[in-house]
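Protein chains: 2
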Amino acid sequence: MDLDFTKLDGLVATVIQDATTNRVLMVGFMNAEAFRKTVETGFAHFYSRSRNKLWLKGETSGHRLVVKEISTDCDRDAVLVKVDAIGPGVCHEGYQSCFFRRLDNGAWAITEPRAYDPNEVYSK
Amino acid sequence: MDLDFTKLDGLVATVIQDATTNRVLMVGFMNAEAFRKTVETGFAHFYSRSRNKLWLKGETSGHRLVVKEISTDCDRDAVLVKVDAIGPGVCHEGYQSCFFRRLDNGAWAITEPRAYDPNEVYSK
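Order-wise, the sequence lines are chains X and Z. Throughout the first sequence, residue numbering follows the working numbering, covering 1 to 124 in sequence. Throughout the second sequence, residue numbering follows the working numbering, covering 1001 to 1124 in sequence.
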């Protein structure tokens, strides 16, 4: 299960994709421990660069990502995880996907409504 | 079109997804210039960390990525580009997608045949 963590200071870029719709839901980073925990528990874990700690996605919101399939790329320095996402949205801003902004004539436009109210989920 | 290039030493992680099948084809990194060139030309450009230079995907192979849609995430530090991929495969190892290895009982297993012979494409 060797991955190449050397190119990104101990991390690999990780793409989270909905296993049913194939929508890309988020991009995060895993260190070796986060990858191991993801494989062992079946829930996606990441390494938070801002908080410098291991992070179970859904720890606060309950919106966990249930791992269905894990792939790596030719260089083994990126990971693709297909998931079943628990809850209405993966993004902490309330959207189904973190990629809710599309480039439209040189500006980022929000292209969908929120799937839930983040204040309800994260302020409790 | 502001992106946050500060978290990754001037780069943003970029996911390339097939616009028709929604398959994730590769993950690369863009600096500000690569992002600008991608938007301006309509062909995906990256920044090569190993070669320290701007890189037009398909420069050698002809397998360019025609941009159909560009999204960014909540933190504006990752980019998702939906593309029409020219040619049989995106991966320099000959596969349709760089993610041709799947985790299977603790080992990476190749799950598909090559789509083209990389020696034919890259040795010329």
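No lab work stands behind these hints, which were simulated from the structure alone. Glycine is no exception: its CB is placed at the ideal position from the N, C-alpha and C atoms. Among these hints, one or two may not hold up.
[Said to hold, decoys possible] Just the calculated beta-carbon pair ranges, DEER-fashion: (1) X:ARG49 to Z:ASN1022: 35 to 43 Å; (2) X:ILE110 to Z:LYS1007: 17 to 25 Å; (3) X:ASN22 to Z:LYS1053: 27 to 35 Å; (4) Z:GLU1120 to X:ARG23: 17 to 25 Å; (5) Z:SER1123 to X:THR20: 19 to 27 Å; (6) Z:LYS1053 to X:ALA107: 40 to 48 Å; (7) Z:ARG1051 to X:ASP117: 27 to 35 Å; (8) X:ARG114 to Z:LYS1053: 38 to 46 Å.
[Said to hold, decoys possible] The list that follows gives simulated cross-link-like pairs (lysine-lysine, DSSO-like), each with its CA atoms no further than 27 Å apart: (9) X:LYS82 to Z:LYS1053; (10) Z:LYS1068 to Z:LYS1037; (11) Z:LYS1082 to X:LYS68; (12) Z:LYS1053 to Z:LYS1068; (13) X:LYS7 to X:LYS53; (14) X:LYS37 to X:LYS53; (15) Z:LYS1007 to X:LYS37; (16) X:LYS53 to Z:LYS1082; (17) X:LYS7 to Z:LYS1037; (18) Z:LYS1007 to X:LYS7; (19) Z:LYS1082 to Z:LYS1007; (20) Z:LYS1053 to X:LYS53; (21) X:LYS82 to X:LYS53; (22) X:LYS82 to X:LYS37; (23) X:LYS68 to X:LYS53; (24) Z:LYS1037 to Z:LYS1053; (25) X:LYS7 to X:LYS37; (26) X:LYS37 to X:LYS68; (27) Z:LYS1053 to Z:LYS1082; (28) Z:LYS1037 to X:LYS82; (29) X:LYS82 to X:LYS68; (30) Z:LYS1037 to Z:LYS1007; (31) X:LYS82 to X:LYS7; (32) Z:LYS1053 to X:LYS68; (33) Z:LYS1068 to X:LYS53; (34) Z:LYS1082 to Z:LYS1068.
Results of checking the hints against the structure:
For X:ARG49 and Z:ASN1022, the Cβ-Cβ distance of about 28 Å falls outside the hinted range of 35 to 43 Å, so the restraint is violated. Between X:ILE110 and Z:LYS1007 the Cβ separation comes to about 22 Å, which falls inside the hinted range of 17 to 25 Å. Between X:ASN22 and Z:LYS1053 the CB atoms are about 32 Å apart, so this pair conforms to the stated range of 27 to 35 Å. Look at Z:GLU1120 against X:ARG23: about 35 Å separates their beta carbons, and that is not inside 17 to 25 Å.
In this structure the supplied range 19 to 27 Å is violated for Z:SER1123 paired with X:THR20, their Cβ-Cβ distance being about 41 Å. A C-beta distance of roughly 29 Å is found between Z:LYS1053 and X:ALA107, which places it outside the suggested range of 40 to 48 Å. Between Z:ARG1051 and X:ASP117 the C-beta distance comes to about 46 Å, which lies outside the given range of 27 to 35 Å. In this structure the supplied range 38 to 46 Å holds for X:ARG114 paired with Z:LYS1053, their Cβ-Cβ distance being about 40 Å.
Restraint check for X:LYS82 and Z:LYS1053: the C-alpha separation of about 31 Å exceeds 27 Å, so the hint is violated. As the CA atoms of Z:LYS1068 and Z:LYS1037 are separated by approximately 14 Å, the hinted pair is consistent with the 27 Å bound. For the given pair, Z:LYS1082 sits about 23 Å from X:LYS68 by alpha-carbon distance, which is consistent with the 27 Å threshold. At most 27 Å may separate the alpha-carbon atoms for a hinted pair to count; Z:LYS1053 and Z:LYS1068 meet this at roughly 24 Å.
For the suggested pair X:LYS7 and X:LYS53, the alpha carbons sit about 19 Å apart, so the restraint of at most 27 Å is met. Between X:LYS37 and X:LYS53 the alpha-carbon distance is near 13 Å, which keeps this suggested pair within the 27 Å criterion. Pair hint Z:LYS1007 plus X:LYS37 holds up; C-alpha atoms about 24 Å apart against a cutoff of 27 Å. The suggested pairing of X:LYS53 with Z:LYS1082 is violated, with an alpha-carbon distance near 31 Å, which exceeds 27 Å.
About 24 Å separates the Cα atoms of X:LYS7 and Z:LYS1037, which keeps this hinted pair within 27 Å; it holds. As the CA atoms of Z:LYS1007 and X:LYS7 are separated by approximately 15 Å, the hinted pair is consistent with the 27 Å bound. Between Z:LYS1082 and Z:LYS1007 the alpha-carbon distance is near 23 Å, which keeps this suggested pair within the 27 Å criterion. With a C-alpha separation of about 32 Å, the suggested pairing of Z:LYS1053 with X:LYS53 is violated against the 27 Å cut-off.
Between the alpha carbons of X:LYS82 and X:LYS53 the distance comes to roughly 23 Å, so the proposed pair stays at or under 27 Å and holds. In summary, the hint linking X:LYS82 to X:LYS37 is supported, as the alpha carbons are separated by about 16 Å, within the 27 Å threshold. At most 27 Å may separate the alpha-carbon atoms for a hinted pair to count; X:LYS68 and X:LYS53 meet this at roughly 24 Å. Between Z:LYS1037 and Z:LYS1053 the CA atoms are separated by roughly 13 Å; this keeps the pair inside 27 Å, and the hint holds.
Proximity of X:LYS7 to X:LYS37 is assessed by CA-CA distance (about 21 Å); at most 27 Å being required, the pair is judged to hold. Of the supplied pair hints, the one linking X:LYS37 and X:LYS68 holds, its CA atoms being roughly 14 Å apart against a limit of 27 Å. Restraint check for Z:LYS1053 and Z:LYS1082: satisfied, since their Cα atoms lie roughly 23 Å apart, inside the 27 Å limit. For a cut-off of 27 Å, the pair hint linking Z:LYS1037 to X:LYS82 is broken: about 30 Å separates their Cα positions.
For the suggested pair X:LYS82 and X:LYS68, the alpha carbons sit about 5 Å apart, so the restraint of at most 27 Å is met. For the hint linking Z:LYS1037 to Z:LYS1007, the alpha-carbon distance of about 21 Å falls within 27 Å, and the restraint holds. Between X:LYS82 and X:LYS7 the CA atoms are separated by roughly 23 Å; this keeps the pair inside 27 Å, and the hint holds. Distance restraint check for Z:LYS1053 and X:LYS68: the Cα-Cα separation of roughly 36 Å exceeds the 27 Å cut-off, and the hinted pair is therefore not satisfied.
Distance check on the hinted pair: Z:LYS1068 and X:LYS53 sit about 36 Å apart at the alpha-carbon level, beyond 27 Å; violated. Simply put, Z:LYS1082 and Z:LYS1068 have alpha-carbon atoms about 5 Å apart, close enough for the 27 Å limit, and the pair holds.
Violation of the numbered hints given earlier is confined to hints 1, 4, 5, 6, 7, 9, 16, 20, 28, 32 and 33; the remaining hints are satisfied by the structure.
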